[in-house]
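Spelled out, the chains give:
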Amino acid sequence: ILNVEQSPQSLHVQEGDSTNFTCSFPSSNFYALHWYRWETAKSPEALFVMTLNGDEKKKGRISATLNTKEGYSYLYIKGSQPEDSATYLCACRGSARQLTFGSGTQLTVLP
Amino acid sequence: DGGITQSPKYLFRKEGQNVTLSCEQNLNHDAMYWYRQDPGQGLRLIYYSQIVNDFQKGDIAEGYSVSREKKESFPLTVTSAQKNPTAFYLCASSIGTGDTGELFFGEGSRLTVL
Chain A
1 ILNVEQSPQS LHVQEGDSTN FTCSFPSSNF YALHWYRWET AKSPEALFVM TLNGDEKKKG
61 RISATLNTKE GYSYLYIKGS QPEDSATYLC ACRGSARQLT FGSGTQLTVL P
Chain B
1 DGGITQSPKY LFRKEGQNVT LSCEQNLNHD AMYWYRQDPG QGLRLIYYSQ IVNDFQKGDI
61 AEGYSVSREK KESFPLTVTS AQKNPTAFYL CASSIGTGDT GELFFGEGSR LTVL
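Chains A and B, in that order, are what the protein sequence lines are.
Using the working numbering, the letters of the first sequence correspond one by one to residues 1 to 111.
Using the working numbering, the letters of the second sequence correspond one by one to residues 1 to 114.
Looking at chain A on its own, in the form it has when it is part of the complex:
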């Protein structure tokens, strides 16, 4: 079982602040890295899937980068809004070809 770690576990930011969090994973036998957003009482939804070292993806105010050589991915949110409040999950696909999830970063954006 892969060791996928996310930090911080939780954070609170003010509306308008930009923020970022980290997902760390084993750099060997890497196949893909997924990010999901999970709002309270809803289903987790995919944000990004990345496979190549140096990949950068963007969706609106949210972007992500991938470094497979050192085994980390960053998720950035620019100008946080209250509707960005959610738990952000990352998941890594390794040689077992199944996704292993981190425990998530819980973001609260204060108005």
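Simulated from the structure, these hints should not be mistaken for lab results.
Note that this is a predicted model, so its numbers are computed, not measured.
Take the hints with a grain of salt, since some may be wrong.
[To be verified] Computed cross-link-like contacts, BS3-like style, restricted to lysine-lysine with a CA-CA straight-line distance of at most 30 Å:
no., chain 1, residue 1, chain 2, residue 2
1, B, 71, A, 42
2, B, 71, B, 9
3, A, 78, B, 71
4, A, 69, A, 58
5, B, 70, A, 42
6, B, 57, B, 71
7, A, 42, A, 58
8, A, 69, A, 42
9, B, 83, B, 14
10, A, 57, A, 42
11, A, 78, A, 57
12, A, 42, B, 57
13, A, 78, A, 59
14, B, 9, B, 70
15, A, 78, A, 58
16, A, 42, B, 9
17, B, 83, A, 42
18, B, 83, B, 70
[As the list claims (entries may be wrong)] What follows is a list of derived Cβ distance ranges for each label pair:
no., chain 1, residue 1, chain 2, residue 2, range
19, A, 59, B, 8, 29 to 35 Å
20, A, 11, B, 88, 18 to 24 Å
21, A, 31, B, 26, 25 to 31 Å
22, B, 53, A, 42, 28 to 34 Å
[What the hints assert, rightly or not] Facing chain B, a subset of chain A residues (Cβ under 8 Å, in silico):
no., residue
23, 32
24, 86
25, 101
26, 102
Even glycine gets a Cβ: it sits at the ideal position worked out from N, Cα and C.
We have chain A; now place chain B onto it with these hints.
Then chain B, alone, in the frame of chain A:
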């Protein structure tokens, strides 16, 4: 609307009873998955199925059973052999099992053993 439907949302069970959680998808996806969430932990894979009439154990399959008789349906039975069944259960599907296939999730079922 296409999506994944899990039922029931909340379920209470007495110790020693088996219980079945339903998962139905109308996305025409081949692959389906069951995950378990416990506080402070990541989602852990229980079982997955890549095609009808076939399924594989995940990381924590002990005490659980599944079936995949139809493409749309992947029910999970939590048996009395599962020592700590109280948890939140998520069902998911994907087009295939390729590396870039994102998962589509249901809203989950919360099981409490009394």
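A quick look at each hint next to the structure:
Distance check on the hinted pair: residue 71 of chain B and residue 42 of chain A sit about 24 Å apart at the alpha-carbon level, within 30 Å; holds. Annotation: proposed proximity of residue 71 of chain B to residue 9 of chain B holds, straight-line Cα distance about 22 Å (limit 30 Å). For the given pair, residue 78 of chain A sits about 40 Å from residue 71 of chain B by alpha-carbon distance, which is inconsistent with the 30 Å threshold. Proposed proximity of residue 69 of chain A and residue 58 of chain A is supported: the alpha carbons are some 21 Å apart, at most 30 Å.
Distance hint between residue 70 of chain B and residue 42 of chain A is fulfilled; the C-alpha atoms sit about 26 Å from each other, no more than 30 Å. For the hint linking residue 57 of chain B to residue 71 of chain B, the alpha-carbon distance of about 18 Å falls within 30 Å, and the restraint holds. For the proposed pair residue 42 of chain A and residue 58 of chain A, the alpha carbon gap of about 22 Å is at most 30 Å, so the pair holds. Of the pairs offered as hints, the one joining residue 69 of chain A and residue 42 of chain A is violated, with about 34 Å between alpha carbons and a cut-off of 30 Å exceeded.
In summary, the hint linking residue 83 of chain B to residue 14 of chain B is supported, as the alpha carbons are separated by about 13 Å, within the 30 Å threshold. Proposed proximity of residue 57 of chain A and residue 42 of chain A is supported: the alpha carbons are some 24 Å apart, at most 30 Å. Between the alpha carbons of residue 78 of chain A and residue 57 of chain A the distance comes to roughly 14 Å, so the proposed pair stays at or under 30 Å and holds. Our distance criterion of 30 Å between C-alpha atoms is met by residue 42 of chain A and residue 57 of chain B, whose separation comes to about 26 Å.
Using a Cα cut-off of 30 Å, the hinted pair residue 78 of chain A and residue 59 of chain A holds, with the two alpha carbons roughly 11 Å apart. Using a Cα cut-off of 30 Å, the hinted pair residue 9 of chain B and residue 70 of chain B holds, with the two alpha carbons roughly 22 Å apart. For the hint linking residue 78 of chain A to residue 58 of chain A, the alpha-carbon distance of about 11 Å falls within 30 Å, and the restraint holds. Restraint check for residue 42 of chain A and residue 9 of chain B: satisfied, since their Cα atoms lie roughly 12 Å apart, inside the 30 Å limit.
Of the supplied pair hints, the one linking residue 83 of chain B and residue 42 of chain A holds, its CA atoms being roughly 28 Å apart against a limit of 30 Å. Our distance criterion of 30 Å between C-alpha atoms is met by residue 83 of chain B and residue 70 of chain B, whose separation comes to about 29 Å. Separation of residue 59 of chain A from residue 8 of chain B is about 33 Å and conforms to the stated range, judged on CB atoms against 29 to 35 Å. Our hint of 18 to 24 Å for residue 11 of chain A and residue 88 of chain B holds, since their Cβ atoms are close to 22 Å apart.
For the pair residue 31 of chain A and residue 26 of chain B, the beta carbons lie near 28 Å from each other, so the given range of 25 to 31 Å is met. In this structure the hint that residue 53 of chain B and residue 42 of chain A lie 28 to 34 Å apart at CB holds, the actual value being about 32 Å. About 4 Å separates the beta-carbon of residue 32 of chain A from the nearest beta-carbon of chain B, less than 8 Å, and the hint is met. Hint status for residue 86 of chain A relative to chain B: violated, with the closest Cβ pair at about 13 Å, above 8 Å.
Because the closest C-beta pair between residue 101 of chain A and chain B is about 4 Å apart, less than 8 Å, the hint holds. With a cut of 8 Å, the hint placing residue 102 of chain A at the interface with chain B holds, because the nearest CB-to-CB distance is about 5 Å.
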